[in-house]
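J.: One line per chain: the protein sequences are W and B, in this order. The opening residue of the first sequence carries number 1 in the working numbering; numbering runs sequentially from there. The opening residue of the second sequence carries number 1 in the working numbering; numbering runs sequentially from there.
Hints should not be assumed to be uniformly reliable.
[Said to hold, decoys possible] A few chain W residues facing chain B, derived, Cβ under 7 Å:
no., residue
1, Leu50
2, Asn54
3, Tyr136
4, Ser168
Just so you know, these hints were derived from the structure itself, not from any lab. Here the structure is a predicted model, which is why all the values come from computation and not from measurement. Ideal Cβ placement from N, Cα and C applies to all residues, glycine included.
Chain residues, written in single-letter form:
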Amino acid sequence: MIQVRGLTKSYGKQKVLGHIDLQLQKGEVTAILGPSGSGKTTLLRCLNFLEKPNAGEIAIGDVTVNCKGAGKRDIHKLRQKTAMVFQNYHLFKHKTALENVMEGLVVVQKLLKADARARSQLMLDKVGLADKQDAYPSQLSGGQQQRVGIARALALNPEVVLFDEPTSALDPERVGEVLEVIRSIAREGITMIIVTHEMAFARDVSNHVVFMDDGAIVEEGPPQELFGSPKEERTRQFLKRMTQEWSYTI
Amino acid sequence: MKLDPGFIYDAFLQLLSALPMTLLLTGVPAAGGLLIGTGVAFIRHYRVRGLHLIVAGYVAFIRGTPALMHLFLVYFGSPVIIDFFARKLGLDFNSASIPILYYVFLAFSLTAGAYLSEFIRAGLLAVDKGQVEAAYAVGMTALQAFRRIVLPQALAVSLPNMTNVVIGLLHGSTLAFTVTVLEVFGKANIVANQNWKYFEAFIAAAILYWGITILLETASARLEKRINRYHRGGVA
């Protein structure tokens, strides 16, 4: 279970997140939606302290961290409960696909090399890249790199996987293959938080949708509810713009 | 004066006896410089409080003065400092018992360290921040991320420049001649003096230096190819 209480974050005087409260159940897939600059990515990055929150409390599994005055050890513990998939993949460029997946297992979780390798191969197979294990990131397409990124996150067997706009950097033809992989692991009951602009995907895959605007949660609920009959005017406005069929008159 | 080609060969053979010293004067400062350079680059890159201004001063000073000057400053300066502290601490120790060679190692390491640190720093800047975040996200500590993710890529990027520094050290090792360490250049001087055949002796020395340089360049090119394996491939 993941619990966020009173999380705030500002850059200097500019407030980015104002008092966020959030509670997510184990095995749940949560989609965070919202316009650019609404703080969704910042919220996600606060969960593993890639951004340092100013105040609040984050509890993931059996680790609870008070953000104010959180020490290196707290942050380290929290990060071991989470894994992240990045918008720009951020694979280790000097390592092969397999080594990328193995890295955390060997260095952080101190698995034996052979065990780490077996587990990593399993994960690469899961994302459909068993035949690419010896390829370097520069030899893979964007979609393939992102799938390696997903395998790297899953291999750690974290309490929660954080997806930061996993398909935003991909060209439209590659989006499908990555979404398909995420969809299949969502079915396995892995807890996930996904920041995304893919409305149809969010509606289809998630159990819980959070809509954010201007550094605050505007509305949250099951996808049928939030997409079907949003309570807030701001949500309606956003969804209308994001899901409308574009028509052009020339 | 007539050139004696046969003597070039004789001189060359005599110079080989001093070759190990030249290689030592290149290798030890290269290793020492790499250590210093990595440390300095790390401190400057992460702006370690209290230290990064000091090391910035060190780099500026070394890069602003000739290598021969560093050698003389260390050679004439450090015995004074060592004896001063030995007296203060009441130790029965005299700087005269330290071999001259050690001062040369120290001086050359300090010279190489400053130059190497700049190249390593450029390499560190070339590794994108995203990879560091990814390393943190899988649970690595800052030090693990530096050692396993950033440093290998930074060194790969700076390898061509580092080769130049090592070649510079090889050629700069001739300066050790000025403080009576007998290496190839010093030996060439002796051979030349003894036989009154200066041109021949120095041609032999030049051939020897050039040969080693070519070997270093070849080794570096091979290493570069190996280390940069991950850059190949077309699709991005």
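J.: Give a verdict on every hint.
T.: Cross-check of the supplied hints:
no.	hint	result
1	Leu50	5 Å, holds
2	Asn54	19 Å, violated
3	Tyr136	4 Å, holds
4	Ser168	14 Å, violated
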